[in-house]
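Participant: Single-letter residue listing:
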Amino acid sequence: MGYIAVRGGAEAIEASIERLKYMRLRKGRILEVAAIEAGMRALIDQVMSEASLYDEAMAAVSIKQAEGSPEEAVFLMRAFRSTLPRSHYSLTLDSRDMRVERRISASFKEIPGGQILGASCDYTHRLIDSVLIDESEEEASQWVADYLSPAEDDRSAVAHEALGAPLSAIDYVRALGLLRDRPIDDGEPRDVTKRALEFPASRSERLQILARGQTGAVTALGYAAIRGYGATLHPTVGELRVGLVSVYVPDPFSTSQHDDAEALGNAYYVGEVRITAVETLVPVSVRRGPDKSEIEFELGFGAVLGQNETKAIAVSLLDQCLETGEKRYATQDEEFVLLHVDSVEATGFISHLKLPHYVSFQSKLDSVRKARGT
Amino acid sequence: MRKKLYNFAFFDEGSKREVRRAILKAVAIPGYQVPFASREMPIARGWGTGGLQITLSLVGRDDVIKVIDQGADESVNAVSIKRLVSGTTGIATTEDTREATIIQSRHRIPEAPLVEGQILVLQVPTPEPLRFVEPSEYATKRLHAEKEYSGAYLALFEEIMKHGHVSTGADHPVTVEDRYVMAPSPIPRFDNPKLNGSRALILLGAGREKKIYAVPPFAKVASLDFEDHPFEVESLVGKRCRVCGATGVYMDEIVDAAAAVYQCNDTSHCDAVLKARRAAFDGEGGAA
Numbered sequence: 298m299g300y301i302a303v304r305g306g307a308e309a310i311e312a313s314i315e316r317l318k319y320m321r322l323r324k325g326r327i328l329e330v331a332a333i334e335a336g337m338r339a340l341i342d343q344v345m346s347e348a349s350l351y352d353e354a355m356a357a358v359s360i361k362q363a364e365g366s367p368e369e370a371v372f373l374m375r376a377f378r379s380t381l382p383r384s385h386y387s388l389t390l391d392s393r394d395m396r397v398e399r400r401i402s403a404s405f406k407e408i409p410g411g412q413i414l415g416a417s418c419d420y421t422h423r424l425i426d427s428v429l430i431d432e433s434e435e436e437a438s439q440w441v442a443d444y445l446s447p448a449e450d451d452r453s454a455v456a457h458e459a460l461g462a463p464l465s466a467i468d469y470v471r472a473l474g475l476l477r478d479r480p481i482d483d484g485e486p487r488d489v490t491k492r493a494l495e496f497p498a499s500r501s502e503r504l505q506i507l508a509r510g511q512t513g514a515v516t517a518l519g520y521a522a523i524r525g526y527g528a529t530l531h532p533t534v535g536e537l538r539v540g541l542v543s544v545y546v547p548d549p550f551s552t553s554q555h556d557d558a559e560a561l562g563n564a565y566y567v568g569e570v571r572i573t574a575v576e577t578l579v580p581v582s583v584r585r586g587p588d589k590s591e592i593e594f595e596l597g598f599g600a601v602l603g604q605n606e607t608k609a610i611a612v613s614l615l616d617q618c619l620e621t622g623e624k625r626y627a628t629q630d631e632e633f634v635l636l637h638v639d640s641v642e643a644t645g646f647i648s649h650l651k652l653p654h655y656v657s658f659q660s661k662l663d664s665v666r667k668a669r670g671t
Numbered sequence: 002m003r004k005k006l007y008n009f010a011f012f013d014e015g016s017k018r019e020v021r022r023a024i025l026k027a028v029a030i031p032g033y034q035v036p037f038a039s040r041e042m043p044i045a046r047g048w049g050t051g052g053l054q055i056t057l058s059l060v061g062r063d064d065v066i067k068v069i070d071q072g073a074d075e076s077v078n079a080v081s082i083k084r085l086v087s088g089t090t091g092i093a094t095t096e097d098t099r100e101a102t103i104i105q106s107r108h109r110i111p112e113a114p115l116v117e118g119q120i121l122v123l124q125v126p127t128p129e130p131l132r133f134v135e136p137s138e139y140a141t142k143r144l145h146a147e148k149e150y151s152g153a154y155l156a157l158f159e160e161i162m163k164h165g166h167v168s169t170g171a172d173h174p175v176t177v178e179d180r181y182v183m184a185p186s187p188i189p190r191f192d193n194p195k196l197n198g199s200r201a202l203i204l205l206g207a208g209r210e211k212k213i214y215a216v217p218p219f220a221k222v223a224s225l226d227f228e229d230h231p232f233e234v235e236s237l238v239g240k241r242c243r244v245c246g247a248t249g250v251y252m253d254e255i256v257d258a259a260a261a262v263y264q265c266n267d268t269s270h271c272d273a274v275l276k277a278r279r280a281a282f283d284g285e286g287g288a289a
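Protein chains in written order, with the working numbering: chain S, 298 to 671; chain X, 2 to 289.
Read the hints as simulated data drawn from the structure, not as lab findings. Since the model is a prediction, treat every value here as computed from it, not as a measurement. Hints may be right or wrong, so weigh each one.
[To be verified] Derived coverage of chain X by chain S (criterion: at least 3 residues anywhere in the stretch with Cβ under 8 angstroms from a Cβ of chain S; other residues may be distant):
#1 15-26
#2 47-55
#3 124-135
#4 150-159
#5 170-181
#6 205-213
#7 216-229
[Claimed, not checked] Label-pair restraints from in silico Cβ distances:
#8 S:326 x X:243: 48 to 54 angstroms
#9 X:113 x S:310: 22 to 28 angstroms
#10 X:223 x S:479: 31 to 37 angstroms
#11 X:221 x S:312: 45 to 51 angstroms
#12 S:668 x X:197: 24 to 30 angstroms
#13 X:132 x S:394: 29 to 35 angstroms
#14 S:386 x X:223: 44 to 50 angstroms
Just so you know, even glycine gets a beta-carbon here, dropped at the ideal spot from N, CA and C.
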């Protein structure tokens, strides 16, 4: 008996879905959504960022349903996101108004306002901590209580002071006249989720797409840029900030066209989001005459939802690359970069190769046979 | 929870209107790829999200939907899409081409002739017929605007030079209403002639590439070819369906132990032919 063209697909699908559920539950343990939300901060931040949907609770459910696969969790979040009406755009968020949790500069030893290391894996040794195998909730609660006890300095308040818009490291370079600034564009951004991207893309569209890009894809392209396929000189992180920014939605009946004080006065506070914002200084060579060239700095900017530092830095590098736009480098070709970093698009098209293709394959076979005369 | 989370036909009404606006523009400019704000769907990009968005934006409570994948109603992805549409709308589904008001299909146009009032929604992986000639979207948009299609013809010409004939497989490009060159989606060449003067409205959706385009009813559609190398469909000579005995329809080649055997690709058509033969047989008093 040969292969029979598949019928009964409905039952087979049902069985496969059941099997998937079994694989999630077979060990008799349930991951509590609250535990995911509490203990998987990094994954939740990654999923929210790639999904471009800031909702920790929904991200936690998605991670549970996806058995921890970021690709699948982002997919669930995106599909949910596309059913939500998009009624408002917030006023511009200025990352200088951030309630800072972490703020570092690699360009200067001291920066105005000081370096705040905050919570980071950067200073840990990556040794698996076997103590965590048997960590108990009692111990954890006790540790937290001790950590926050008044005897220690006021840790609960650490870094929750607004910076009060201090000078940033970037302002210093700017004051020295070494920074080539890009023109400020405070126009209404084109929402890439409401209008299909057309080329050439605006900077706002690029930054949106990079911000929702797959962490690994954005990181890989940013890495390629600084290894020689893009940025030619070594860039430096001018400033990296992680913290909470307040989101305001303008009064829909307001006639104000701009994000000015009046608009803010009439706006509604809708909550706050944690973001990572990065300004990178990229040295570029500028010709000043027939045989004279000077070094100047260009700014790369990246801002992403959640604490996603590697991704945010990579976004800032690619921002500078795409502004430069020399197509001999793939990382400076906006069609190459912007059309290939989206998780849902890339994983979807790759995985569609698993679908049957026998009609198109048959057609190709016909052509091949015709060519060979068989 | 799910019931409360999602609207009729999944999308919020604002999103449906946006997609319908793109569809209207596509119908007004036959063969032109209209960019649209393609949403993420509960099925993966590349698995028919363009077609699905069209279907969900159009579907009403009285519609009857048929979904086929590579000609088959019961192919896994067809079943999955059908479940999603009926699951979020509660509308009836069918396998009978004639009963359906909306037919979503991947890589086939059904064998049964479509009629006025029906809508065929084709899923499209690569909407740009010039993509393999020119990788840049910016550049291909200009080529279309200027009706500069020598690259497309040159690609066919090169195939003739190399292989002695045009060796495109599925997705052989067509010209719509003497204006836009269009990718018909990877339907076999056998299905290309069905696009010409179709009585049904044909909508093509590419979710990942964010394009919708259309062949309105009775539009003129011609497959790209040369006078001395006319367009040819796949060879059907000597092929007969081993199940229903049909000839002259697109066949799947079934890999069997000894020789190649053939079977109707369109499973619904195969069933219909079988039923008709059974009825005729019964009518003759042949069956007990």
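Participant: Each hint needs a verdict: does it hold in this structure or not?
Facilitator: The hints, checked one at a time:
For a cut-off of 8 angstroms, the count of residues in the region 15-26 of chain X with a CB near a CB of chain S stands at 3, and the three-residue condition holds. Counting residues of the region 47-55 of chain X whose beta carbon lies closer than 8 angstroms to any beta carbon of chain S gives 3, which meets the minimum of three for the stated coverage. Coverage of the region 124-135 of chain X by chain S is violated [criterion: at least 3 residues with CB-CB distance below 8 angstroms; count 1]. Chain S is given as covering the region 150-159 of chain X, and this is violated because 0 residues of the stretch bring a CB closer than 8 angstroms to a CB of that chain, at least three being needed.
By the rule of at least three residues with a Cβ nearer than 8 angstroms to a Cβ of chain S, the coverage given for the region 170-181 of chain X holds, with 3 such residues. Counting residues of the region 205-213 of chain X whose C-beta lies closer than 8 angstroms to any C-beta of chain S gives 3; at least three are required, and the coverage claim holds. Residue count for the region 216-229 of chain X with a Cβ under 8 angstroms from a Cβ of chain S: 0. That is fewer than the three needed, and the coverage hint is violated. In this structure the hint that residue 326 of chain S and residue 243 of chain X lie 48 to 54 angstroms apart at CB holds, the actual value being about 51 angstroms.
The given range of 22 to 28 angstroms is respected by residue 113 of chain X and residue 310 of chain S, whose C-beta atoms sit roughly 26 angstroms from each other. Distance hint check for residue 223 of chain X and residue 479 of chain S: the Cβ-Cβ separation is about 49 angstroms, which falls outside the suggested range of 31 to 37 angstroms. Distance hint check: the CB atoms of residue 221 of chain X and residue 312 of chain S are about 47 angstroms apart, consistent with the given range 45 to 51 angstroms. In this structure the supplied range 24 to 30 angstroms holds for residue 668 of chain S paired with residue 197 of chain X, their Cβ-Cβ distance being about 26 angstroms.
Between residue 132 of chain X and residue 394 of chain S the CB atoms are about 45 angstroms apart, so this pair departs from the stated range of 29 to 35 angstroms. For the hinted restraint 44 to 50 angstroms between residue 386 of chain S and residue 223 of chain X, the CB-CB distance of approximately 46 angstroms keeps it satisfied.
Hint check: violations occur at hints 3, 4, 7, 10, 13; the rest are consistent with the structure.
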